[in-house]
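A.B. asks: Next come the chains, spelled out residue by residue.
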Amino acid sequence: MEPTDEDLYRRTRKGDRKAFAELYERRAPSLYRYALHVSGSHTAAEEVAHEVFLRLIRPDAGFDPGRGPLEAYLYGMARNLIRVMRRHQTVEEAGDTAVEHNILGDLIRNERTAALYAALRELPRQYRDAVILCDLEERSYEDVARLMGCPVGTVRSRLHRARMLLAARLKPLSVSAGVIAR
Amino acid sequence: MNCHGWAVELVECARSGQLPGPELQNHMRYCARCAERWEDERRLSARFQVIRQAAAAWQPSAFRRRQLMLEFERAHQGGFRLWARWALSAAAVLLVAVAVTHDWRRPAAKPAAAVAIDSASDAAADDAGFVDVPYAPPLATGELVRVIRTELEPAALARMGIDVDATEGAQIPADILVGEDGFPRGVRVLAEFSELQ
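Note that the protein sequences, when read in sequence, are chains Y and L. One rule links them: number in this note's numbering = place in the first sequence (from 1) + 53. For the second sequence, counting from 1, position 177 maps to 158 in this note's numbering; every step adds exactly one.
Chain L extracted, bound-state conformation (with noise of 0.2 angstroms):
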């Protein structure tokens, strides 16, 4: 075995305190730079020793330990709070989720699909079967109107003077005619339009 050989063995006995056996230290007898080596790796494992030693005895102190303990509760109440605002918000968002999805399913919640009728006069108006909003200017000869489909409720349109039970809960399907300034002129009850067909 050459000196880079005998090096591995030497270490590994100067790490474990043991004695090299007879064939290194035959080697040693007459190689100089391997018995050399073996003094340095005894020094060095002698030193490690000490400062081994005087670390080994730490422990953390009761201060510290404490003070730890006292953050990880700490965190931990903590993390229950951000757990449960999550939780609040979810529930908030789940909430207005449900009432929208509830109020959009809705048929009256709907912009009904706009009808537009390409010309339009109150005489139209009135031949289609529409009621005057009260106090809604006439709509002017040739203004085009929209007319809007939705649900309204029957004490408003008891109000306009059409005759509707107004002590019903239920929103009633009607047409709304609206000129050119966005203004509803004419409402128009579809089921009253279909018996006045």
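This is chain Y alone, in the form it adopts within the complex (with noise of 0.2 angstroms):
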């Protein structure tokens, strides 16, 4: 049986190098997803994704099993680092995603991705929250209502009222991205 992240935790507070780059291996990815979400920068959840791990190896770190699951503690602390780095203005601002050649193509793209970034942080976090786990994580109701300790159907009527809030801030550059694309 695949050992959970709390047996990885406690492995690696005895020291277990094993379980560390494990619970690396098996988080990071998220956590760095999560932070790109949250702050739309790759250069700053690259950042943010190691010093969660950073943290974690120090003898302060402040998981405590009773409190919750140990990947809930681990969005809370990329929360809050991103949540430093902007009061210290280290967060870029979006578009460090283009990719494809088609100048004008980009330029929409990261137009609409720095739009929906920055639509997403307008959101209230709780909303956010709900957007990041249930639509770009894709995780089931059932794990993100555990992840942010609330019931399933609060976490239903969150992410419904966020996509609301998301659509209705979006709809003035849809329309103009579409007449652009015409």
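One thing to keep in mind: the hints can contain errors.
[Claimed, not checked] DEER-style ranges, computed between Cβ atoms:
(1) Y:118 x L:47: 25 to 33 angstroms
(2) Y:79 x L:74: 39 to 47 angstroms
(3) L:12 x Y:63: 51 to 59 angstroms
(4) L:67 x Y:136: 34 to 42 angstroms
(5) L:12 x Y:54: 32 to 40 angstroms
Hints were generated in silico from the structure; no laboratory data involved. These numbers come from a predicted model, not from an experiment. Note that beta-carbon positions come from the ideal geometry of N, C-alpha and C, so glycine has one too.
Both chains are sitting in their own frames, so use the hints and assemble them into the complex.
C.D. replies: Quick look at the structure:
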């Protein structure tokens, strides 16, 4: 049976290098994506994913299994780190994800991505987390409820409300992009 | 079902990439608001799909991973050093505690109950069996003295002219006569004193 995050954490605290590596492989990519979606910056996301694990190594890492799953704790740390980075203005705004060579397409795509990230950032934290975890990370409602520490129904209603707010916020851009594409 | 009820199904269909069921499709044919919401939701899901794909390929770089593992090793070596430091400190404290307790439990180390005598003089001290401490100033007439019970080294007693075996290792119970100035004036070996009595 696959060890839980909490098992790996316990072993990590005892100095088990392999357990720490496994925990990192398992959780770093999703933390990176979470940080990317919240910050809109690839560089900041890499930094955050790294820093979360650095803090987990510290003797004063404050994870308490009685208060929730380790994954929720990791997301919480990532969120706080982004907040601190933002306060110190070290998060670049979105736009470092362009890959294609079509200049007009890139412009539209980047503009759309930047607008989506900007709209996500403007959502209340709990709505934003619901969108990121349910729609961008494609986690089940049950999983997200466990991570957010709330009932499944609450997750669903937060997500629906968040999607409605996002759609409303992005609508003007969709219309203008449609005009440009034509 | 009203529009609010349909909205739940509509969002879930857009999220899963499925087409709405016939009933909802029928509803959307005459409800412009739900039809518009369906378009918004579909568009939003498509955007999510794009950024999901862009982020999916990310893996931690080998450099970052190596850095982290080095940090992990350093932290745990540090942890060991910290543990060792604590262990050594604890051992030192334990040793001191044992030494102090051992010393404490020896009757000699206890400042034996001080016995105050109301008045004294050299003569009274002599009567009580005290031997003068060499070169100590004489007690003044009417000077108050204290008697302190303790244990003394046989060699120290022998130097004062008291007849004890100086080579004996064990300390000998004795009373010390102390003047008002705090200086010892006389010594009385308890065994010898009892013999004299």
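A.B. asks: Hint by hint, say whether it matches the structure.
C.D. replies: Right, here's what the structure says about each hint:
1. Y:118 x L:47: 25 to 33 angstroms: Since the Cβ atoms of residue 118 of chain Y and residue 47 of chain L sit about 29 angstroms apart, the hinted range of 25 to 33 angstroms holds.
2. Y:79 x L:74: 39 to 47 angstroms: holds, 43 angstroms
3. L:12 x Y:63: 51 to 59 angstroms: About 54 angstroms separates the Cβ atoms of residue 12 of chain L and residue 63 of chain Y, which means 51 to 59 angstroms holds.
4. L:67 x Y:136: 34 to 42 angstroms: holds, 35 angstroms
5. L:12 x Y:54: 32 to 40 angstroms: Check failed, 50 angstroms falls outside 32 to 40 angstroms.
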